[in-house]
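Engineer: Chain by chain, the residues:
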Amino acid sequence: MEKSIKFIQGNEACVEGALYAGVEFFAGYPITPSTEIAECLSQRLPERGGKFIQMEDEIASMCAIIGASLTGKKVMTATSGPGFSLKQEAIGYACMAEIPCVIANVQRGGPSTGNPTHVSQGDLNQARWGTHGDHNIIALTASNHQDIFSITVDAFNLAETYRTPVILLFDEAIGHLREKLVLPDEGELPIVGRLRTSVGKGVDYRPYLPREDGRLPMSDFGAEHRYNVTGLFHDMWGFPSNNPQVVSDLLRHLMDKIDNNVHSITRYKEHYMDGAEYVLISYGSSARSAIHMAKNRRMKGEKIGVLELQSLWPFPQHLIREKCSKAKAVIVVEMNSGQLMYHVKAAVDDPGKVFLSNRIDGKLITPADIKGLLRIIQGRGV
Amino acid sequence: MRTRIVFSGSGGQGVITAAILLAEAAVMYEGLNATQSQSYGAAARGGATRSDIIISDFEIDFPLVSQPNILVCLTQHAYNTYGAIVRPGGTVITDTRFVDIGKKVDARQIELPIYENVMEQIGKPIVFNVAVLGALLGIEPVLQKESVFKVIADRVPEDFIEMNQKAFEIGYKLGSEKMAEIMGR
Chain A
3 MEKSIKFIQG
13 NEACVEGALY
23 AGVEFFAGYP
33 ITPSTEIAEC
43 LSQRLPERGG
53 KFIQMEDEIA
63 SMCAIIGASL
73 TGKKVMTATS
83 GPGFSLKQEA
93 IGYACMAEIP
103 CVIANVQRGG
113 PSTGNPTHVS
123 QGDLNQARWG
133 THGDHNIIAL
143 TASNHQDIFS
153 ITVDAFNLAE
163 TYRTPVILLF
173 DEAIGHLREK
183 LVLPDEGELP
193 IVGRLRTSVG
203 KGVDYRPYLP
213 REDGRLPMSD
223 FGAEHRYNVT
233 GLFHDMWGFP
243 SNNPQVVSDL
253 LRHLMDKIDN
263 NVHSITRYKE
273 HYMDGAEYVL
283 ISYGSSARSA
293 IHMAKNRRMK
303 GEKIGVLELQ
313 SLWPFPQHLI
323 REKCSKAKAV
333 IVVEMNSGQL
343 MYHVKAAVDD
353 PGKVFLSNRI
363 DGKLITPADI
373 KGLLRIIQGR
383 GV
Chain B
2 MRTRIVFSGS
12 GGQGVITAAI
22 LLAEAAVMYE
32 GLNATQSQSY
42 GAAARGGATR
52 SDIIISDFEI
62 DFPLVSQPNI
72 LVCLTQHAYN
82 TYGAIVRPGG
92 TVITDTRFVD
102 IGKKVDARQI
112 ELPIYENVME
122 QIGKPIVFNV
132 AVLGALLGIE
142 PVLQKESVFK
152 VIADRVPEDF
162 IEMNQKAFEI
172 GYKLGSEKMA
182 EIMGR
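So the protein lines, in turn, are chains A and B. If you want my numbering, it's the position in the first sequence, counting the first as 1, plus 2. If you want my numbering, it's the position in the second sequence, counting the first as 1, plus 1.
Hints are computed from structural coordinates only; laboratory data are not their basis. Honestly, I wouldn't trust all of these hints.
[What the hints assert, rightly or not] List of simulated lysine to aspartate or glutamate pairs, EDC-like, C-alpha gap at most 20 Å:
id, chain 1, residue 1, chain 2, residue 2
1, A, LYS8, B, GLU60
2, A, LYS297, B, GLU60
3, A, LYS8, B, GLU31
4, A, LYS8, B, ASP58
5, A, LYS5, B, GLU31
6, A, LYS75, A, GLU49
7, A, LYS5, B, ASP155
[As the list claims (entries may be wrong)] The following label-pair restraints were derived from C-beta to C-beta distances:
id, chain 1, residue 1, chain 2, residue 2, range
8, B, MET120, A, ARG196, 51 to 61 Å
9, B, GLY124, A, MET301, 44 to 54 Å
10, A, PRO32, B, ARG156, 14 to 24 Å
11, A, ASP351, B, PRO89, 39 to 49 Å
12, B, ASP155, A, GLY204, 51 to 61 Å
13, A, GLU272, B, GLU178, 46 to 56 Å
14, B, GLY12, A, ARG300, 38 to 48 Å
15, B, ASP155, A, LYS328, 49 to 59 Å
16, B, ARG88, A, ASP187, 35 to 45 Å
17, A, ASP276, B, ASP155, 41 to 51 Å
18, B, ALA181, A, ASP187, 45 to 55 Å
19, A, ARG196, B, GLY90, 54 to 64 Å
20, B, GLU117, A, PRO32, 37 to 47 Å
Virtual Cβ for every residue (Gly too), placed ideally from N, Cα, C.
Same shape as in the complex, but just chain B (with noise of 0.2 Å):
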């Protein structure tokens, strides 16, 4: 198995951070190979970001995505840059707020409204990434819930686990109904 992600968006949305994540859950929870890597500019905030990840049984060599089994944009520009690049069959993740899909892409297209129900149930933008996270775990099951659940535990400060992982949930409902919507068609 080998599986081939970008993450795609602007900085500070926490597109890295989300990557992070699951290539560490694949890693230290599921006894996965992983390669995470990032391209930004000299910019904190704003510029366009990418991350891109690979979870194989094998080793990896050259970390870089040419085309993603499952892309992930979060911003119109990110969409527009890399929407093409997806792997012919692949899926292609967006937020109904931050993306309008004008031209399709030969992939199978999933727009949710991730961050419209994390500001109506948590109303914090800041765990948006995780939500989105939750929402590629809900339509492509790459790893375990669960050990991303122990990624966030390891890594969020106490009083912000549980809200990380509600922000899991929101996006992992949505994701998953949103699969079983596609494939009781």
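Same shape as in the complex, but just chain A (with noise of 0.2 Å):
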């Protein structure tokens, strides 16, 4: 049977990716450049028998959504910087109860409102770091529509599997780029469905007792067992506790869940790696014009490639120092002020050969950018 392909959006081939993987529920708040993202959820949800609802604010949409997801639902909301700033807290309480939830941010010009209708990738540290407290997180980007398609689904089985929160970490110039997307039959991509308990009615259900692999099993709130949900510490029970074991248990839990899969979440995609002595390490938007840099300079011979990081945290530091053990100089192409070029320089051998091609003048970065600094580096001046 021939494959469907659409043109559309970077924000619809997402919406396409959540609704592959199962999305039940959306809540949201409208703001450029994800709104298309809601728009077109809006329509398709219902159409399945979905719930989209609009919420008042960005707080709102992201409680609702924690609530859902506990009845037993996938679910996902969208937004952009200022919402993501309105949302963290909520982000924490679902890293601290466990509730799986997919966050889109797609990223715009800040500080505050910034800059509403330009690119930039100046979230990234905010994704990691954005709610108070010691915890993990999952982010995910990707620069072109088929991997924003994979990446979403992959975002949802993440966030299954995990119990946490997944942020998709898009920006402005790939959330608006209209290409091709060749949608994947049923059954192509694994779908990670939800993890139901199978402690029976009216026996004693404990929503925070670890399986032996370290997952927790869930009931659908409000259904066959009456349990606690708090995003103060917890027992087994769900209930407060202050006990100083149960706290460092707890918090232990929520790091090394993350931590200890480090390998099995990182994604990632190698342009031109072969051999090469300059390596690019980029993602969303930047990464494409990182690619076509590196295979303009291939084709005269130069050995140039790409690293192209399609989850950002956890932050794959093994793979960055591997791949760039053998490399004369490494240079992070984003579109901030090197908020990723701090942790390459951590992950590597020699900081000193990390260098940072960026903009942040809500233009996208472009290949004669890079090329530019390359030659410097290069000591062949521009």
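Given two chains presented individually in distinct reference frames, assemble the corresponding complex, making use of the accompanying hints.
Structural biologist: Here's what the structure looks like:
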């Protein structure tokens, strides 16, 4: 059978991926440049029996998806920088209460209301540390529509697997770009469903007692079991506790469930990396410029490759270290003041060989921008 | 083959819609790759608008256009701003009602009375953008016009398909006749 092809925006590719993954509930508040995600889902979700709610603000949207997730639904919300800031408190709650949910942040210029219609990648560290306290998070990204689709499916899968919020960190340039998407057939990509408890009705259900593999089976809230959910440190029944052992065990569990699985969560692509002397590390729409540049320089015989990160958090430190070990220089290409670069510097043997090629003016970084810096590093001038 | 096109004009002229129709036709009905992006301000109408399209047999990485093969300018402001970026030897298409070509650029400059013809024959400025698209394909056969017709049929409400097709043909005729005239010289 012929594949179904669409010519759509990146935001719409995210919607297609979410629907493929089985999203059943969306609550949100529209904000440029993410609005198309809400707009499309407001039409598509009711068509298939799902629920779409436009809430009064971003805080309420985040809280609504947490509630819906607890009742057993696959949920998401979408926003941009200012809204992402507002959602942080509830994201922390979802981390603490271990509630699967997907938050798309289509980045625009910041801080504050910043630059609504222009591109930025300035929320990278906010995705990691936007909410307070020790916690872990998963953040994914993509640079083309096919990958936006599959990484969105992955986001839902990882949210369910690790019972955690997963951030989709897209950007204005890729969110609004129109290009081809070939829809995968049903069954082509794996889908992780909700892991539900086998504890029967009337039997003591302990929502925060991990199985041997560390996963926590859930019970649809309001159905068979009564249990407590809180943002306070809690025991295996979900009731607040300040017992030092309970507190440290829970925090350790929240950190370890992600840290111990960095290898299986890490997603990346290599472009022309074979024997690369100069390694460009990039993600999202910036990666397209890096790939364009590397492709052109390779044709001229220069050994330049691109390591494209599709998972930003947990930070793939070992991957970066390994892939950069033989590089003469590493150039981090991103549209912020070096938010990823500092982590790359910390990961490699020689931080002195890490450089930043960036733009912070709301314009998409160009292959010429990167080429200019490369020539300086190579001692060839611009 | 790689064609880089820039559509420029003012918000509300349908610049972005025309760009989408063209890029979508390339992908959906000609099996090509295409990207379409746009830059715009926060205003819904009146702001300067630009849309970049790349159509290619190959993968497209960087989606913006620095030197278009074909540049369409639908306001004086757009022509003044972008006129100089056209690739040397490329084509600049302007509408005589909106653009006064002052300084010439190193490209084939084609001025057509598209708006005037649309108003005379249809009387509705809403299809001006589709007529411009017709003119573009009449001048540079980047795609089959049937592919654009199919996209129009996919996207436009049924009652308006015929009007859009007519607008397209008006532009197409102006463009192809102009080309015949240039070639015949």
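Engineer: So, for every hint listed, does it hold in this structure?
Structural biologist: Hints, verified against the model:
With a C-alpha separation of about 16 Å, the suggested pairing of LYS8(A) with GLU60(B) holds against the 20 Å cut-off. Straight-line distance between C-alpha atoms of LYS297(A) and GLU60(B) comes to about 11 Å, which keeps the hinted pair within the 20 Å bound. For the hint linking LYS8(A) to GLU31(B), the alpha-carbon distance of about 13 Å falls within 20 Å, and the restraint holds. Restraint check for LYS8(A) and ASP58(B): satisfied, since their Cα atoms lie roughly 17 Å apart, inside the 20 Å limit.
The straight-line distance between the Cα atoms of LYS5(A) and GLU31(B) is roughly 15 Å, inside the 20 Å bound, and the hint therefore holds. A hinted pair counts as satisfied when its Cα atoms are at most 20 Å apart, and LYS75(A) with GLU49(A) qualifies at roughly 16 Å. A C-alpha spacing of about 18 Å is found between LYS5(A) and ASP155(B), which places the hinted pair at or below 20 Å, so the restraint holds. As the Cβ distance of MET120(B) to ARG196(A) is approximately 59 Å, the hint placing it in 51 to 61 Å holds.
About 52 Å separates the C-beta atoms of GLY124(B) and MET301(A), a value consistent with the hinted range of 44 to 54 Å. For PRO32(A) and ARG156(B), the Cβ-Cβ distance of about 23 Å falls inside the hinted range of 14 to 24 Å, so the restraint holds. ASP351(A) and PRO89(B) have their C-beta atoms about 47 Å apart, which keeps the hinted 39 to 49 Å range intact. ASP155(B) and GLY204(A) have their C-beta atoms about 56 Å apart, which keeps the hinted 51 to 61 Å range intact.
A beta carbon spacing of about 52 Å between GLU272(A) and GLU178(B) agrees with the range 46 to 56 Å that was offered as a hint. A hinted range of 38 to 48 Å for the beta carbons of GLY12(B) and ARG300(A) is consistent with their spacing of about 40 Å. Range check, ASP155(B) to LYS328(A): about 50 Å between beta-carbon atoms, so the 49 to 59 Å window is met. Remark: the range hint 35 to 45 Å for ARG88(B) to ASP187(A) is upheld by a beta-carbon distance near 41 Å.
At roughly 42 Å, the beta-carbon separation of ASP276(A) and ASP155(B) lies within the given 41 to 51 Å, and the hint holds. For ALA181(B) and ASP187(A), the Cβ-Cβ distance of about 48 Å falls inside the hinted range of 45 to 55 Å, so the restraint holds. Restraint check, ARG196(A) to GLY90(B): a C-beta distance of roughly 60 Å satisfies the suggested window 54 to 64 Å. The hinted window of 37 to 47 Å between GLU117(B) and PRO32(A) holds, with their beta carbons roughly 39 Å apart.
Every hint from the earlier list agrees with this structure, and none is contradicted.
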